[in-house]
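J.: As a plain string of letters, each chain reads:
Protein chains: 4
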Amino acid sequence: MLPAAPACSFASDNAAGASPEVIAALVAANDGPALAYGDDPWTRRAIDQVRDLVGAPADVLFCWGGTGANIVGLATMLAPWQSVLTVDSAHIVVDECGGPARFTGSTITPVANDEGKLRPAALEPFLHWQGVEHHPQPRVVSISQVTEMGTVYSTDEIAELAEVCHRHDLLLHVDGARIANALVATGSTLAEMVTATGVDVFTFGFTKNGAVFGEAVVHLRPELADHARYVRKQAGQLVSKSRFAAAQLSALLDGDRWLANAAHANAMAQLLAAEAATIPGVEVVRPPQANAVLVRLPWDRLDDLQAWSFFWPWDPADSMARWMTSFATTPDDVATFTAGVRQILAG
Amino acid sequence: MLPAAPACSFASDNAAGASPEVIAALVAANDGPALAYGDDPWTRRAIDQVRDLVGAPADVLFCWGGTGANIVGLATMLAPWQSVLTVDSAHIVVDECGGPARFTGSTITPVANDEGKLRPAALEPFLHWQGVEHHPQPRVVSISQVTEMGTVYSTDEIAELAEVCHRHDLLLHVDGARIANALVATGSTLAEMVTATGVDVFTFGFTKNGAVFGEAVVHLRPELADHARYVRKQAGQLVSKSRFAAAQLSALLDGDRWLANAAHANAMAQLLAAEAATIPGVEVVRPPQANAVLVRLPWDRLDDLQAWSFFWPWDPADSMARWMTSFATTPDDVATFTAGVRQILAG
Amino acid sequence: MLPAAPACSFASDNAAGASPEVIAALVAANDGPALAYGDDPWTRRAIDQVRDLVGAPADVLFCWGGTGANIVGLATMLAPWQSVLTVDSAHIVVDECGGPARFTGSTITPVANDEGKLRPAALEPFLHWQGVEHHPQPRVVSISQVTEMGTVYSTDEIAELAEVCHRHDLLLHVDGARIANALVATGSTLAEMVTATGVDVFTFGFTKNGAVFGEAVVHLRPELADHARYVRKQAGQLVSKSRFAAAQLSALLDGDRWLANAAHANAMAQLLAAEAATIPGVEVVRPPQANAVLVRLPWDRLDDLQAWSFFWPWDPADSMARWMTSFATTPDDVATFTAGVRQILAG
Amino acid sequence: MLPAAPACSFASDNAAGASPEVIAALVAANDGPALAYGDDPWTRRAIDQVRDLVGAPADVLFCWGGTGANIVGLATMLAPWQSVLTVDSAHIVVDECGGPARFTGSTITPVANDEGKLRPAALEPFLHWQGVEHHPQPRVVSISQVTEMGTVYSTDEIAELAEVCHRHDLLLHVDGARIANALVATGSTLAEMVTATGVDVFTFGFTKNGAVFGEAVVHLRPELADHARYVRKQAGQLVSKSRFAAAQLSALLDGDRWLANAAHANAMAQLLAAEAATIPGVEVVRPPQANAVLVRLPWDRLDDLQAWSFFWPWDPADSMARWMTSFATTPDDVATFTAGVRQILAG
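Residue numbers (the numbering used here), protein chains in the order written: chain C, 1 to 347; chain B, 1001 to 1347; chain H, 2001 to 2347; chain U, 3001 to 3347.
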């Protein structure tokens, strides 16, 4: 008989609830009235915390969710006749139902990914489009940190991309839905990863780090954010009771809870990968760098596995699935999950 | 010397925090893992509650905020060559930075409002546009309940609009950001107001009723919602940890907390209007029907008043401003606010 | 028995064919190969002619048609969170099936027209929207010259609008589909009407003046046109064999054929109005200023009239229809048409 | 010393003027007035001719140009949350400045081309996106006939694609800017190529075949065209004096002038390829199938070659350029051009 599925799904880091500190912060923030739309002390404090972390007078805009934050960030950087160069595995290409393309009107040009990463050489074929009226005009390069393949850019890799971008009048955007996991994986500070490297705009994700909701769009070149408030409002991403978004971020930043949460998730991925590697029929695609474990599985057993404990196929053509850990994953969850997978595949 | 401004701003019902029941529900919902994107028991329960209230097998989609919910509702009803007929004071015209127009690509045609309301006669001039390729094709009529002028449609008025709409192959959309306040004001049930009248799609707002965040888009003709999940995702309005939105709505619906909250807000508006009417220089535009009090003020004193306790001008050409009450407004807040206004205008 | 309907329809100035000079120019321009997309001597010559006429180093872009030219002109001036203020009778509001709104993503805000004209006072209510993130941001004022009600702005009226616009950081756009008729009506030169007054961008229409096709978008502040070539291409308005558009415009400008064509059309409108005023049941709304005659008719006879010789209703609520003359209208056409109308109304 | 460059550019088939029959038809069509927007006998006749050719009661819409026709065709087939699968070399990806993406709001998903063609296997990875709200929903497959690499789909290849599409609830769109060249190349009739194979919508291009301007969007499943007139108008593609577009198409179809023009262009490409193959340093990439010759060139000499007689680079990474022939190319042009290239490369 199969064991009970683990309480904690490995389908997504969104399947976790919220960090206890976050819930406490929501309770505390419900302290009488406050002006709406960001004109409140919670919002001001969280913005200051982000500025301290990036070490720059950045523009910080709270948004509801990750797709919205990508839409807002990209829409401030682009005119409709311009284009975004990104990898074919990018969240903005695969997982946002075409939201950024629809809202911006701009072309999203996917190029082949290298283990989820965009390499500078992949930009080459599009550079000669610049200045020719027939072609969409390349203007933004967008990368994800952590990538959708679970890999992590080094700060050197980001700096190199930023340098290539700026040399060709391109801007660098980072979808940082899991940026905390990347910081822990690389041992970098946020300032080292985004400010020193030359990133122009990034999404500072905290939903997957343990919030109920909320992401921030951070413009490291504030002049790009001149009109960003209008874009955010128009995109339906202005948080009316802003204090509740800001208080969550503060709760995660205070005492470096965000880094502890990310470190835990990353460690659970290591544990999961180690255990998974011992299951006959399971191949761990590469050692996990952050909190995603990509595995090759006997694809004819996928339905049984999903029925027991749901997770997402990642590349059916390559029999590849993705297992995610989070701040809330426990060693017991890992043990229960891998035991079930082992038993089903042996069955 | 001026008194301290009231703790509770009269600028917006969004300036209130959250109802205590809502906060308790957030705490309770943080109970271990749950699948993301709505596949969880909290979401299923809240959807069932809404279906019970409307008395129909409606399609219910949780969204982040009011602008987003309007975008999602309208975008499911419209092709880009079609148009929305609405009043020039509508939230989708005035207060959403053009979000619905940008996202749908459709034309939003504002017509003159009658105390905030759309009258059937105002649709006339656009009906002969139907079928002529040169003109945007009228397809949706959108009204706000409560209106932006603080007035409330009777169920008869809504039923008449719905009848006119359907006779002309138009759909009726209701922006119900404050629908609870309208129910209390008219003594109607939700089923009477939206289902029996023939509304096609409405926003079921609960942020202004006392939630931290969250609105639902309700399709009363579910066949219109066939593609609504894609629209929601594309619009950046899919709540990843859906249980936290759903749990809030349930907390408000349980024991009719939502109606009690609305009734309180409406009563505070009555109190505010009565007191305001005694202040020399202040003219209450009309007896409040819900939780908005529109007043005419000596416009040269506006800056002083706003500096003391911020509120929004509503129609500068008519020296009109808007004061909002909420579930959290207290009689003391009303007393403090009106005393300050009286003193400033006397000064 | 009814007379035969006139050969020349009074429905639209587009019902005329092309001026003989235009056809001759098309024949002449088919002279061997020429590079596509505007890199040819015909295009260069026509651009120089327009620059001479406006007396400024304007940017001149040929487009296919009037809707396309309005889309291109407006799209170069607007970001999606900005808005266009225009009258509710404007071609971009009524007669382009929502094209400019869809393509720009921007809000088009119609205000009440005064005999087809936009008055500076109508801008007032929207100026305090500037700088507030909730509202679409007014950026462009668009007027039509000749207006859709057949009236003509004086150069003083345009100069006043331009002054108000620039004082409030707004740009002035002119839909000049019938600008030649306006020049003749006012006795102004093009430089006096658009350059001296301070217009920022205008459509220089020549289809209705006697071309087979073609309009030019003229940026009088060339810095606004930096990206205009991309906009035109993206809008599907780049004329591949550009020489054939340019040659037509040159044929109309050479020897002031365009002004002669417009003068003839205007004169025919005078004749038509004079004759129509004598028909029992027909009321000429106002003395025609250009080539449109607006008339009030016994509305129950509209079908009979249209069946005999088609024309467009203009304001059914006011029993108003529009009769257009063109460069090709003859006094005989006027006589035949008015005789038929007289007979039908008497019948 | 270099010879004079050929009169006829090999940069584009748009560099040719118009077929003499087309010019004669424009002269003849300028025969008095005609109602605008397609309600005229020229338009009716041309539509009937297209219906005869496809052997089906197709919906036929005249548009101005190729980008516009692609925009109109695709926009009638797509909702914004849906996607188009096409090759990375497609005109709608590379050469329309993002117009179809901007206007439709839909995702355009480029896949790797196989000598310019889309292979059914390339659709695989996107089929499991159907029905999952996170992903753009594949709805249309778009191919170009002739492809941008100069290759031609056989009718069997098109039929196979159509079968795969329809099995997966996808529609097949063909950008037929050079469809006449493909018909000649394959010896097929239009009915065999688009109707018998199961194409849903195609662009019937005639600008490159010898018109001054004009393309037709043909819906072979007329129910898809229900709203197409609104789309065309909104896209700025409604030809006001429609007769002049229609008369050109008729002139080309009468006596099969269009096929003769295409046959001549194809023959000139054969001649060009044969001659080019003898030039040291020039490699003809593959035997031309239609009117494009792709060549690999010593890339360091590109500037000299372009300065002498302009043509477009096609794939700089592969040192590949494109030479186009047209109905107007002469054997002398080919001789002059190849002699110049030979001399420059030898120099």
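A hint or two may mislead.
Examples of chain B residues lying across from chain U (beta carbon under 10 angstroms, computed) [claimed, not checked]:
id: 1; residue: Tyr1037
id: 2; residue: Gly1105
id: 3; residue: Thr1278
id: 4; residue: Trp1299
Rough simulated footprint, nothing fancy, chain H against chain C, three-plus residues with beta-carbon under 8 angstroms [to be verified]:
id: 5; region: 233 to 247
id: 6; region: 304 to 311
Bear in mind the hints are in silico, worked out from the structure with no lab data behind them.
In this text, all values refer to a predicted model and were calculated from it rather than measured experimentally.
Beta carbons: idealized from backbone N, C-alpha and C, even for Gly.
J.: Now tell me, hint by hint, if it's right for this structure.
T.: Structure-based check of all given hints:
1. Annotation: interface hint on Tyr1037 (chain B) holds; nearest CB of chain U at approximately 8 angstroms, less than 10 angstroms.
2. Among the interface hints, the one on Gly1105 (chain B) holds; its C-beta lies about 6 angstroms from the nearest C-beta in chain U, closer than the 10 angstroms criterion.
3. Restraint check, Thr1278 (chain B) versus chain U: the minimum CB separation of about 54 angstroms is more than 10 angstroms; hint violated.
4. Interface restraint check for Trp1299 (chain B): the shortest CB-CB distance to chain U comes to about 42 angstroms, outside 10 angstroms, so the restraint is violated.
5. Check result for the region 233 to 247 of chain C against chain H: holds, 3 residues qualifying (beta carbon to beta carbon below 8 angstroms, three or more required).
6. Here's how the region 304 to 311 of chain C fares: 0 of its residues keep a CB closer than 8 angstroms to some CB of chain H, so the rule of at least three is not met and the hint is violated.
Taken one by one, the earlier hints fail for this structure at numbers 3, 4, 6, listed in ascending order.
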